[in-house]
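If you want the building blocks of each chain, they are given just below.
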Amino acid sequence: MRDVAVVAFAQSRHTRTSEETSEVEMLMPVLHDALGQVGLTTSEIDFTCSGSCDYLAGRAFSFTMALDGVGAWPPISESHVETDGAWALYEAWVKILTGEAETALVYSYGKSSPGELRDVLSRQLDPYYVAPLWPDSVSLAALQAQALIDAGHTDERRLAGIAARSRGSAQDNPHAQLASSPPTAELLTADYVVQPLRRHDCPPVGDGAAAVVLAAGDTARRLCPHPAWIRGMDHRTEPHGLGVRDLTDSPSTRLAAERAGAFDAPVDTAELHAPFTSQEVVLRKALRLGDEVDVNPSGGALAANPVMAAGLIRIGEAAACIHRGASRRALAHATSGPCLQQNLVAVLEGDR
Amino acid sequence: MVKEPVAVVGIGQTKHVAARRDVSIAGLVREAAVRALDDAQLTWADIDAVVIGKAPDFFEGVMMPELYLADALGAVGKPMLRVHTAGSVGGSTALVACNLVAARVHRTVLTLAFEKQSESNAMWGLSLPIPFQQPLLAGAGGFFAPHVRAYMRRSGAPDTIGSLVAYKDRRNALKNPYAHLHEKDITLEKVQSSPMLWDPIRYSETCPSSDGACAMVLTDAVGARRAPRRPAWVLGGAMRSEPTMFAGKDYVSPRAGKECAADVFLQSGITDPRREIDAVEMYVPFSWYEPMWLENLGFAAEGEGWKLTESGVTEIGGDLPVNPSGGVLSTNPIGASGMIRFAEAAMQVRGQAGEHQVDGARRALGHAYGGGSQFFSMWVVGAERPTS
Numbered sequence: 001m002r003d004v005a006v007v008a009f010a011q012s013r014h015t016r017t018s019e020e021t022s023e024v025e026m027l028m029p030v031l032h033d034a035l036g037q038v039g040l041t042t043s044e045i046d047f048t049c050s051g052s053c054d055y056l057a058g059r060a061f062s063f064t065m066a067l068d069g070v071g072a073w074p075p076i077s078e079s080h081v082e083t084d085g086a087w088a089l090y091e092a093w094v095k096i097l098t099g100e101a102e103t104a105l106v107y108s109y110g111k112s113s114p115g116e117l118r119d120v121l122s123r124q125l126d127p128y129y130v131a132p133l134w135p136d137s138v139s140l141a142a143l144q145a146q147a148l149i150d151a152g153h154t155d156e157r158r159l160a161g162i163a164a165r166s167r168g169s170a171q172d173n174p175h176a177q178l179a180s181s182p183p184t185a186e187l188l189t190a191d192y193v194v195q196p197l198r199r200h201d202c203p204p205v206g207d208g209a210a211a212v213v214l215a216a217g218d219t220a221r222r223l224c225p226h227p228a229w230i231r232g233m234d235h236r237t238e239p240h241g242l243g244v245r246d247l248t249d250s251p252s253t254r255l256a257a258e259r260a261g262a263f264d265a266p267v268d269t270a271e272l273h274a275p276f277t278s279q280e281v282v283l284r285k286a287l288r289l290g291d292e293v294d295v296n297p298s299g300g301a302l303a304a305n306p307v308m309a310a311g312l313i314r315i316g317e318a319a320a321c322i323h324r325g326a327s328r329r330a331l332a333h334a335t336s337g338p339c340l341q342q343n344l345v346a347v348l349e350g351d352r
Numbered sequence: 001m002v003k004e005p006v007a008v009v010g011i012g013q014t015k016h017v018a019a020r021r022d023v024s025i026a027g028l029v030r031e032a033a034v035r036a037l038d039d040a041q042l043t044w045a046d047i048d049a050v051v052i053g054k055a056p057d058f059f060e061g062v063m064m065p066e067l068y069l070a071d072a073l074g075a076v077g078k079p080m081l082r083v084h085t086a087g088s089v090g091g092s093t094a095l096v097a098c099n100l101v102a103a104r105v106h107r108t109v110l111t112l113a114f115e116k117q118s119e120s121n122a123m124w125g126l127s128l129p130i131p132f133q134q135p136l137l138a139g140a141g142g143f144f145a146p147h148v149r150a151y152m153r154r155s156g157a158p159d160t161i162g163s164l165v166a167y168k169d170r171r172n173a174l175k176n177p178y179a180h181l182h183e184k185d186i187t188l189e190k191v192q193s194s195p196m197l198w199d200p201i202r203y204s205e206t207c208p209s210s211d212g213a214c215a216m217v218l219t220d221a222v223g224a225r226r227a228p229r230r231p232a233w234v235l236g237g238a239m240r241s242e243p244t245m246f247a248g249k250d251y252v253s254p255r256a257g258k259e260c261a262a263d264v265f266l267q268s269g270i271t272d273p274r275r276e277i278d279a280v281e282m283y284v285p286f287s288w289y290e291p292m293w294l295e296n297l298g299f300a301a302e303g304e305g306w307k308l309t310e311s312g313v314t315e316i317g318g319d320l321p322v323n324p325s326g327g328v329l330s331t332n333p334i335g336a337s338g339m340i341r342f343a344e345a346a347m348q349v350r351g352q353a354g355e356h357q358v359d360g361a362r363r364a365l366g367h368a369y370g371g372g373s374q375f376f377s378m379w380v381v382g383a384e385r386p387t388s
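If you're matching them up, the sequences are chains A and B in order.
Take the first sequence: its letters are residues 1 to 352, numbered as in my numbering.
Take the second sequence: its letters are residues 1 to 388, numbered as in my numbering.
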């Protein structure tokens with residue numbers, strides 16, 4: 001397998017609302033940041049791939065406007081996935097593996113602020129039997145959290161601990177939307193949003209964008225002093241029907257991790273795309289992450305969850321840890337769909 | 001680095017119709033997938049990954065429907081990737097699947113594209129709200145008609161060329177059991193007297209709105225050796241994009257289309273596409289796009305494409321048959337239309353096209369485009385395994 005590395009990562013400052021800026025305006029500075037880090041222009045990139053979703057934008061073909069902002073002239077080799085940008089990065093990685101590209105620009109963005117995100121996400125569900133009931137994303141996550149508590153895998157106090165730890169970590173992350181938390185005991189006095197989830201168990205709703213530059217072999221070494229090499233990457237899907245899944249486990253994450261080589265050697269850092277505190281419990285178990293692993297040093301999706309970009313940001317944050325020498329081997333995870341239906345795992349390493 | 005050769009060993013389509021009220025979205029996609037598996041004589045267990053494409057989710061009102069379709073497509077426990085590149089998506093989806101095999105990430109991949117347009121109204125789905133688009137643009141026809149007019153002015157083509165394309169494609173569709181429109185009593189006069197929708201585009205020169213799905217099984221060299229039927233080999237594949245609008249954009253013959261075609265022919269070792277390509281399945285949603293794309297793709301010099309159409313070169317019996325399947329003008333489940341072009345090209349070189357088979361087709365082009373004439377995806381498939 002060809003050596004491919006993350007050589008640059010940039011993200012917006014994630015905010016509750018970005019009414020004053022269009023998607024393109026939100027994205028442009030992030031693209032310029034990522035390309036600027038490696039001194040490349042759009043026309044020097046061999047392949048471009050993006051991830052976004054029309055249902056957030058509220059209009060068909062919303063990604064075409066973003067492409068206008070990229071400056072696809074002269075014409076570029078380009079593709080788009082209608083999901084989190086982590087899958088765009090996967091497509092770009094495969095493109096580089098074929099040998100058809102040396103470099104790739106990956107970006108994604110999402111504005112959750114124009115709509116009621118909980119309800120918008122319910123449109124992902126089976127359109128005949130489930131979506132007509134409008135089960136919202138927080139309620140479904142609450143089902144999963146209750147299943148975990150009933151099975152004895154966690155309790156409300158430990159979930160609050162995850163929230164406090166994540167937002168505490170985010171104090172060092174200038175891009176985070178939520179970067180502080182009251183202590184656990186105080187969190188537990190709040191009312192439920194949907195039992196057993198309180199406000200602190202849920203991700204902030206917000207708008208944001210992210211971009212990553214990938215490069216192969218010597219090109220990566222030339223562009224970046226400490227490339228974050230992708231040692232393996234895989235993604236897997238679970239059944240859509242929540243009733244046929246064990247919501248306390250994530251076999252798809254475990255399988256993707258196996259295929260990505262995550263269990264071949266210990267990781268020191270993990271960036272998990274767990275929008276709800278309870279989902280970190282599921283992912284830690286599936287990925288066999290012990291207390292010695294630094295989980296979500298960025299604060300994770302509990303600190304900023306720009307939908308469609310939050311998964312790509314996990315890969316970017318894991319790579320950034322390697323770029324700055326804070327990690328030697330890191331795991332990054334991204335998810336899509338209700339209650340962690342689809343999961344992607346990437347293993348990144350610095351030069352040995 | 002030597003890429004793994006990629007072979008098409010299974011192809012399946014649904015019978016395309018205006019409304020498949022008898023099946024759910026899951027039922028529709030599964031029908032095409034099962035037919036592709038049957039053609040390859042493989043089972044779900046033989047599939048390593050699923051790559052699915054469709055055009056805007058608003059067409060069915062389901063956000064990221066691949067999540068809901070995971071079970072129907074046997075994707076549980078497997079990677080499933082969703083592609084969306086506007087109208088070119090069917091082609092792009094096939095190319096993304098192709099790369100998974102070419103990079104040796106997976107050995108056998110199911111790729112599928114669909115649209116169930118009866119769930120909504122595609123024309124209004126494509127009409128963006130103000131301020132994204134000026135009022136009264138009304139659907140894709142409203143966007144493309146001025147560019148057709150520009151082509152007519154630029155090339156001096158007679159007004160009748162569009163109707164010749166429609167008449168040909170609708171007759172070709174009569175030979176294709178999967179085509180949506182089967183207008184047994186079609187005449188050139190009927191096409192020419194049909195109502196004017198978006199001047200100069202008449203009703204019979206526009207694509208229908210269809211429910212349909214198309215699936216292919218792609219595999220590596222080992223998989224191809226085991227295949228029960230002759231495979232189609234992927235000789236080249238490329239995608240190109242350019243912005244929707246900017247000063248200097250040529251809507252009649254976009255540079256992204258020219259460069260995409262040049263790339264795919266270079267990969268395939270083709271220097272004279274007019275002579276070396278035996279059949280073309282190109283994305284012609286409005287009749288006039290046949291001569292326009294003939295020029296854009298390099299089959300004719302600028303301003304000369306309409307002459308190929310007029311002289312019958314693009315008929316099934318001509319020396320450059322275009323859309324022997326009946327094309328998008330006869331069948332248009334938008335998200336699937338690009339993949340149907342790619343699949344029909346593969347069917348031609350496999351000798352699998354039945355009544356609309358082009359005699360002795362050895363190399364065929366599949367072409368798709370989308371957005372404001374800005375997204376292009378193409379592949380060339382051949383009967384012989386590529387040498388390099």
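For the record, the hints were derived by calculation from the structure and aren't laboratory data.
Any given hint might turn out to be false.
Just a few of them, taken from the derived set where beta-carbon distance is under 8 Å, the chain A residues facing chain B [said to hold, decoys possible]:
#  : residue
1  : Ser22
2  : Ala60
3  : Leu67
4  : Pro74
5  : Ile76
6  : Ser77
7  : Lys95
8  : Leu125
9  : Pro127
10 : Ala185
11 : Thr189
12 : Tyr192
Each residue gets a CB set at the ideal place from its N, CA and C atoms; glycine is no exception.
Inset, instruction - Identify whether the interface hint at alanine 60 of chain A stands, where standing means a beta carbon of chain B within less than 8 Å of its own. - result: holds (4 Å)
Inset, instruction - Classify the hint on leucine 67 of chain A as holds or violated, based on whether any CB of chain B lies nearer than 8 Å to its CB. - result: holds (6 Å)
Inset, instruction - Identify whether the interface hint at lysine 95 of chain A stands, where standing means a beta carbon of chain B within less than 8 Å of its own. - result: OK, holds: lysine 95 of chain A within 8 Å of chain B, min 6 Å.
Inset, instruction - Classify the hint on serine 77 of chain A as holds or violated, based on whether any CB of chain B lies nearer than 8 Å to its CB. - result: OK, holds: serine 77 of chain A within 8 Å of chain B, min 6 Å.
Inset, instruction - Would you check whether proline 74 of chain A satisfies its interface hint, that is, whether its CB is within less than 8 Å of any CB in chain B? - result: This interface hint holds because 7 Å falls under the 8 Å limit.
Inset, instruction - May I ask you to test the interface hint for proline 127 of chain A with respect to chain B, counting a Cβ-Cβ separation under 8 Å as satisfied? - result: holds (5 Å)
Inset, instruction - Would you check whether serine 22 of chain A satisfies its interface hint, that is, whether its CB is within less than 8 Å of any CB in chain B? - result: violated (11 Å)
Inset, instruction - Identify whether the interface hint at alanine 185 of chain A stands, where standing means a beta carbon of chain B within less than 8 Å of its own. - result: violated (38 Å)
Legend entry - When the least beta-carbon distance from threonine 189 of chain A to chain B is tested against 8 Å, hint result: violated (36 Å)
Legend entry - Given hint leucine 125 of chain A near chain B, where the shortest CB pair must fall under 8 Å: holds (7 Å)
Inset, instruction - Grab the minimum C-beta distance from isoleucine 76 of chain A to chain B and call the hint holds if it beats 8 Å, violated otherwise. - result: With a closest approach of 6 Å, the isoleucine 76 of chain A hint holds.
Inset, instruction - With chain B as the partner, please determine if tyrosine 192 of chain A meets the hint condition of a C-beta pair closer than 8 Å. - result: violated (27 Å)
In summary, the structure is inconsistent with hints 1, 10, 11 and 12 from the numbered list given earlier, while agreeing with the others.
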